[in-house]
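Asks: Residues per chain, in single letters:
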Amino acid sequence: MTAYTATVTVRLKRGVLDPEADTTQKALERLGFELSDLRSADQFEVDLDAESADAAAERADEMAERLLANPTLHDYDVVVEEQAK
Amino acid sequence: MTVAVVQFGGSNCDRDAVRALDRVGVDAERVWHEDGLPADADGIILPGGFSYGDYLRAGAMAAHSPIMDAVRAAAEDGTPVLGVCNGAQIGSESRLTPGAFTTNRSARFQCEDVFLRVENADTPWTAAYDEGDVIELPIAHGEGRFEIDDAAYEQLVDDDRVLFRYCDADGNVTDAANPNGSKGNVAGILGSPRTSPC
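Respectively, the protein sequence lines represent chains A and B.
So that you can map any letter, position 73 of the first sequence is 96 in the working numbering, and since no number is skipped, the others follow by simple counting.
So that you can map any letter, position 193 of the second sequence is 428 in the working numbering, and since no number is skipped, the others follow by simple counting.
Since the hints were derived computationally from the structure, they do not count as laboratory data.
Quick caveat, the model's predicted, so the values are computed rather than measured.
Be a bit skeptical, because a hint or two may be false.
[Claimed, not checked] Quick list of in silico lysine to any residue cross-link-like pairs, SDA-like style, CA-CA up to 20 Å: (1) A/K36 with B/P333; (2) A/K49 with B/A342; (3) A/K36 with B/E378; (4) A/K36 with B/G416; (5) A/K36 with B/E269; (6) A/K36 with B/A362; (7) A/K36 with B/D257; (8) A/K36 with B/D384; (9) A/K36 with B/D385; (10) A/K36 with B/G419; (11) A/K49 with B/F344; (12) A/K49 with B/L291; (13) A/K36 with B/E311; (14) B/K418 with A/H97; (15) B/K418 with A/K49; (16) A/K49 with B/G288.
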């Protein structure tokens, strides 16, 4: 078994209104920053032991499907890295 | 008839639900979610509150409590299930109803009185009304915006499963009368016909 960290990023689907991101963008603009758009996302870092990176990714993918993301609202991606020894 | 009012950690409108049922002469009991669903429950209420502190998403944690498998099975067998407020969020997170509830268009918690137009009076839940009636109810939510993809929304409408829409005092369904940005001003839906409005 190898120790991995799976990073699961959950984003609102394109086209789904994101009031928190809109509010954050307005606040940045009030501070004088120039930006054309801003999106928010939730990121989960999951430490887990698995036989392979693929097996770790598969388990993290199932976590996203079953709990971390809501398919009506979200897309997600999973990136797996071996933990530094 | 006994109605089971399911309590989760953070439910806080369970007593209100029991009192409301008592007022209309219906026997009700509160059921802690870890104790399972009583076999003799003729109806189920998922009450409001802030189950599990709304962690992750409102209703997401409670939706995965084992009792929800029993609630889904009961709903499929025709037991009426009512989700109120956080209970509606739990209902959608557990796929009792299509769509999802998410952050209000205003990005704020809103507590105010709103008007609803009755869209379908031919259900046990709305039988005391006539279609087109305008009723006034309070809302208190931060994540009340009903989101659903276009195809699933059309299906809801085609199946006549929209119970209430936000409207103005005269019954006009307008964007200005939509308090939270819900798709189609939808405020209440039936999950599977005649089983689970949220």
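Asks: If you draw a straight line from the CA of B/K418 to the CA of A/K49, is it 20 Å or shorter?
Replies: violated (24 Å)
Asks: Is the Cα-Cα distance between A/K36 and B/E378 20 Å or less?
Replies: holds (17 Å)
Asks: Take the C-alpha atoms of A/K36 and B/D257, compute the straight-line distance between them, and say whether it is at most 20 Å.
Replies: violated (43 Å)
Asks: So if I understand the rule, the pair passes when the alpha-carbon distance is 20 Å or less; does A/K36 with B/G419 pass?
Replies: holds (19 Å)
Asks: A/K49 and B/L291: Cα distance at most 20 Å?
Replies: Outside the cut-off at roughly 24 Å; violated.
Asks: Does the structure keep A/K36 and B/D384 at a Cα separation of 20 Å or less?
Replies: The given pair, whose Cα atoms are some 11 Å apart, holds under the 20 Å limit.
Asks: Between A/K36 and B/E269, does the CA-CA distance stay at or below 20 Å?
Replies: Violated, at roughly 34 Å.
Asks: Holds or violated: are the alpha carbons of A/K36 and B/G416 at most 20 Å from each other?
Replies: holds (16 Å)
Asks: Are the Cα atoms of A/K36 and B/D385 separated by 20 Å or less?
Replies: Judged against 20 Å, a Cα distance of about 13 Å means the pair holds.
Asks: Does B/G288 lie within 20 Å of A/K49 when you go C-alpha to C-alpha?
Replies: violated (28 Å)
Asks: For the pair supplied as a hint, A/K36 and B/P333, is the alpha-carbon distance within the 20 Å limit?
Replies: It holds: about 17 Å lies between the C-alpha atoms, which stays within 20 Å.
Asks: Verify the proposed pairing of A/K36 with B/E311, using a straight-line Cα cut of 20 Å.
Replies: Answer violated: A/K36 to B/E311 is near 30 Å, above 20 Å.
Going through the hint list in order, the structure does not satisfy hints 5, 6, 7, 12, 13, 15 and 16.
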